[in-house]
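Colleague: Residue numbers (this note's numbering), protein chains in the order written: chain U, 1 to 113; chain S, 114 to 230.
Honestly, the hints are just simulated from the structure, not real lab data. One or more hints might be untrue.
Said to hold, decoys possible - Which residues of chain S face chain U? A partial, calculated answer using Cβ under 8 Å:
| id | residue |
| --- | --- |
| 1 | 127 |
| 2 | 153 |
| 3 | 155 |
| 4 | 156 |
| 5 | 183 |
| 6 | 184 |
| 7 | 187 |
| 8 | 215 |
| 9 | 216 |
| 10 | 219 |
| 11 | 222 |
| 12 | 224 |
Backbone N, C-alpha and C fix where the C-beta goes; we use that ideal spot for every residue, glycine too.
Chain by chain, the residues:
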Amino acid sequence: LAKTTQPISMDSYEGQEVNITCSHNNIATNDYITWYQQFPSQGPRFIIQGYKTKVTNEVASLFIPADRKSSTLSLPRVSLSDTAVYYCLVGDSGNTGFQKLVFGTGTRLLVSP
Amino acid sequence: DAGVIQSPRHEVTEMGQEVTLRCKPISGHDYLFWYRQTMMRGLELLIYFNNNVPIDDSGMPEDRFSAKMPNASFSTLKIQPSEPRDSAVYFCASSPSDRDGVNTEAFFGQGTRLTVV
């Protein structure tokens, strides 16, 4: 099972770009990298998923280097409402391709005015 | 779609009682997951189903825990008998699969906050 390591917490200010890096040295060939966001008293919410290079959607970008041993979630121009816990997950696909979503401790992002 | 619906939102029960948590996944999703979240252990995957069939229940902590999915639109997680250490927020999530059968984005419900006294 690929283990992920990410910073416990990060601080930022409104309008800044935030980059959260996750390391996953044991990522397997079939594993995808997925990021979730969780607000207090709510279930996690999917942000973005990627396999290699760069993926961008309306809320974030995900950068994955060629060796795939790490990934960086980039949040452009954060606002106070982006204060949340961000989880990096690597699917434990094994031979089935199923992405087993195992959550780590996450990164607690605090955005200040 | 209303999203993943869990009930009840809150449950307080006495030790030794049976507790049943319910989940209605998003229509058309063929994967269903049960998670438990506590401050000490974070989010733990308890069990997941694919097309109503339990695939991996290795995360179920003890035999006191059981989960069923009698049809594509309903799942239950039962704890019998309940203990104070079962107090946690229990999340249900569902996910569609892509054309290769691989699960994609998981949608989580609002969770059930269980307190066992």
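Colleague: Are the hints correct? Go through all of them and say.
Modeller: To see whether the hints hold, each was checked on the structure:
1. With its C-beta approaching chain U no nearer than about 24 Å, residue 127/S sits outside the 8 Å limit, and its interface hint is violated.
2. Hint status for residue 153/S relative to chain U: violated, with the closest Cβ pair at about 11 Å, above 8 Å.
3. Because the beta carbon of residue 155/S sits about 6 Å from the nearest beta carbon in chain U, less than 8 Å, this interface hint is met.
4. A least Cβ separation of about 4 Å between residue 156/S and chain U falls short of the 8 Å threshold, and the interface hint therefore holds.
5. With 8 Å as the threshold, the beta carbon of residue 183/S stays out of range of chain U, its nearest partner Cβ sitting at about 22 Å, so the hint is violated.
6. Proximity of residue 184/S to chain U is violated relative to the hint, the smallest CB-CB distance being about 21 Å (cut-off 8 Å).
7. For residue 187/S, the suggested interface contact is broken, since its CB lies about 18 Å from the closest CB of chain U, more than 8 Å.
8. Here the hint on residue 215/S is kept, as its CB sits about 5 Å from the closest CB of chain U, short of 8 Å.
9. Taking 8 Å as the C-beta contact cut-off toward chain U, the hint placing residue 216/S at the interface holds, the least distance being around 5 Å.
10. Hint status for residue 219/S: holds, given a least beta-carbon distance of 6 Å to chain U, under 8 Å.
11. For the restraint placing residue 222/S at the interface with chain U, the shortest Cβ-Cβ distance is roughly 6 Å, inside the 8 Å limit, so the hint holds.
12. The closest approach between the C-beta of residue 224/S and any C-beta of chain U is roughly 6 Å, which is under the 8 Å cut-off, so the hint is satisfied.
In summary, the numbered hints that this structure violates are 1, 2, 5, 6, 7.
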